[in-house]
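Engineer: Modelling step: build the complete structure from the supplied sequences, incorporating the hints.
There are 2 protein chains.
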Amino acid sequence: MIKVSILGAGNVATHLFRAFTESPEIEVQQVYNHRRESLEQFTNAATITDLKDLKPADVILISLKDDLVSTYVEKLQDRNELILHTSGSVPLQKTAKNNGVFYPLQTFSKQEEVNFKEVPLCLEADSEKNYQLLEQLAKLVSDKIYPISSTQRKSLHLSAVFVCNFVNHLYQIGEDLCEQNQVPFEILHALMTETTKKATHNSPKRVQTGPAIRNDQKTISSHLAQLDDANFKEIYKLLTQSIQRTHGKKL
Amino acid sequence: MIKVSILGAGNVATHLFRAFTESPEIEVQQVYNHRRESLEQFTNAATITDLKDLKPADVILISLKDDLVSTYVEKLQDRNELILHTSGSVPLQKTAKNNGVFYPLQTFSKQEEVNFKEVPLCLEADSEKNYQLLEQLAKLVSDKIYPISSTQRKSLHLSAVFVCNFVNHLYQIGEDLCEQNQVPFEILHALMTETTKKATHNSPKRVQTGPAIRNDQKTISSHLAQLDDANFKEIYKLLTQSIQRTHGKKL
Chain L
0 MIKVSILGAG
10 NVATHLFRAF
20 TESPEIEVQQ
30 VYNHRRESLE
40 QFTNAATITD
50 LKDLKPADVI
60 LISLKDDLVS
70 TYVEKLQDRN
80 ELILHTSGSV
90 PLQKTAKNNG
100 VFYPLQTFSK
110 QEEVNFKEVP
120 LCLEADSEKN
130 YQLLEQLAKL
140 VSDKIYPISS
150 TQRKSLHLSA
160 VFVCNFVNHL
170 YQIGEDLCEQ
180 NQVPFEILHA
190 LMTETTKKAT
200 HNSPKRVQTG
210 PAIRNDQKTI
220 SSHLAQLDDA
230 NFKEIYKLLT
240 QSIQRTHGKK
250 L
Chain W
0 MIKVSILGAG
10 NVATHLFRAF
20 TESPEIEVQQ
30 VYNHRRESLE
40 QFTNAATITD
50 LKDLKPADVI
60 LISLKDDLVS
70 TYVEKLQDRN
80 ELILHTSGSV
90 PLQKTAKNNG
100 VFYPLQTFSK
110 QEEVNFKEVP
120 LCLEADSEKN
130 YQLLEQLAKL
140 VSDKIYPISS
150 TQRKSLHLSA
160 VFVCNFVNHL
170 YQIGEDLCEQ
180 NQVPFEILHA
190 LMTETTKKAT
200 HNSPKRVQTG
210 PAIRNDQKTI
220 SSHLAQLDDA
230 NFKEIYKLLT
240 QSIQRTHGKK
250 L
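First to last, the sequence lines map onto chains L and W.
Residues in the first sequence are numbered consecutively from 0, following numbering that gives the first Met the number 0.
Residues in the second sequence are numbered consecutively from 0, following numbering that gives the first Met the number 0.
You can trust all of the hints, since none of them are fake.
Just the calculated beta-carbon pair ranges, DEER-fashion:
1. L/Glu21 / W/Ser149: 49 to 59 Å
2. L/Asp142 / W/Ser69: 49 to 59 Å
3. L/Glu112 / W/Ser202: 14 to 24 Å
4. L/Gln179 / W/Leu50: 37 to 47 Å
5. L/Gln135 / W/Glu36: 52 to 62 Å
6. L/Ser202 / W/Ser221: 20 to 30 Å
7. L/Glu178 / W/Thr94: 32 to 42 Å
8. W/Lys64 / L/Pro183: 26 to 36 Å
9. L/Lys109 / W/Gln216: 25 to 35 Å
10. L/Pro183 / W/Arg244: 23 to 33 Å
11. L/Lys196 / W/Glu36: 22 to 32 Å
12. W/Ser126 / L/Gly9: 51 to 61 Å
Listed next, the stretches of chain W that the computed footprint assigns to chain L, with coverage defined by at least 3 CB atoms under 8 Å from CB atoms of chain L:
13. 110–119
14. 138–152
15. 191–199
Derived from the structure by calculation, the hints contain no laboratory data.
From the three backbone atoms N, C-alpha and C, an ideal C-beta is built for every residue, glycine too.
Structural biologist: Written out as structure tokens, the structure reads:
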């Protein structure tokens with residue numbers, strides 16, 4: 000049995016709490032947040048609003064805003080537990096006695112259920128012994144475990160902005176264009192799903208299609224003429240150029 | 000029973016041939032291509048390389064390159080069949096006796112099987128009677144039928160470039176960044192799939208996340224410093240600005 004206390008009450012903390020609670024080999028001992036109201040959702044947990052009330056455990060997992068991580072690790076520096084954080088952009092900390100990172104590479108929202116077994120967990124620790132405990136905990140909730148250094152995690156976090164945040168923005172542009180022309184955006188859903196499926200079954204570089212890679216100037220000009228929004232036009236041009244540069248040798 | 004002949008042997012023609020063949024109420028009468036070699040894959044079909052050999056049918060479906068559509072419709076102008084084309088960017092033709100559009104909004108490749116029942120079909124015809132035959136044919140192969148005008152189809156084709164071709168390019172940038180830092184790209188697959196799932200279950204505008212919408216300047220600067228490639232840096236800046244402009248009121 001691994002005893003875990005969680006610091007935080009946001010999306011990541013909530014999903015981790017659920018995943019930990021479902022494992023018979025993990026006991027979530029306490030959930031901390033400085034605001035009592037944020038803890039109301041944790042109905043079947045012992046909740047605290049003062050770090051002094053933290054009981055001894057095996058692991059303390061910090062799932063707070065990136066900026067707060069180092070401050071909280073310092074506050075916990077005299078404790079014997081393995082102190083983990085869940086942030087993609089914060090390096091492995093050194094100030095606690097036992098330090099580690101437990102970074103779930105997924106986008107979490109309250110409205111969408113997530114199958115945690117499928118969530119890739121990027122792990123790092125300051126000693127072999129701490130890594131073993133970290134890995135033991137991680138394997139109880141996910142089937143996808145990766146040892147990842149702070150430098151690698153930093154690059155994954157940047158890649159995630161491209162394949163998640165920026166991709167979602169392109170979806171939103173697609174939605175805007177549909178609205179402007181009274182077309183239901185749902186017509187594009189099957190295409191979005193298939194595009195992503197193809198890019199996960201193959202290297203995205205090998206399955207690139209469209210007017211840019213074909214260097215189909217007639218279609219490119221017609222698309223640019225259709226775009227009223229100067230911003231969307233700029234994005235169309237830049238991504239077209241970038242595709243052509245990447246695949247330059249083929250043209 | 001609807002008798003269909005197909006002109007073309009590319010990805011779309013191949014997937015349509017399969018879907019039509021599987022319906023007991025459709026008979027694929029002939030498949031035409033001007034090159035005999037391209038027709039070798041159609042083992043259980045009557046194939047022809049000369050339009051003069053086309054037998055009478057109910058529908059002739061042109062699935063050739065966009066540039067060739069109008070030329071082929073003209074060649075078929077004296078025929079009595081309903082002449083369809085499958086192109087997103089070509090308007091409804093007028094030169095044949097009976098004209099229509101059968102545009103499957105999906106990305107097709109030879110290596111990926113597609114469940115055709117899930118492929119959205121955008122339909123348009125030059126008369127109510129022709130639309131009825133077109134719809135009857137479409138309903139035999141797909142559950143997702145949309146009446147779409149030429150103007151609407153033009154905007155769908157443009158939106159598809161954003162949500163498919165450009166999205167795939169962002170995936171490729173993510174893959175490049177992973178390779179540069181010796182991280183397996185597969186760690187990002189779950190995030191890609193979840194991001195797309197969220198954007199099809201909700202309005203993408205409502206589920207936007209990341210440093211741009213949070214106006215997290217520290218992370219944005221750190222990401223820009225990490226990007227060596229001037230092109231990727233430019234894309235990062237432009238998409239960040241565009242997200243901030245879209246969600247300006249929230250900041």
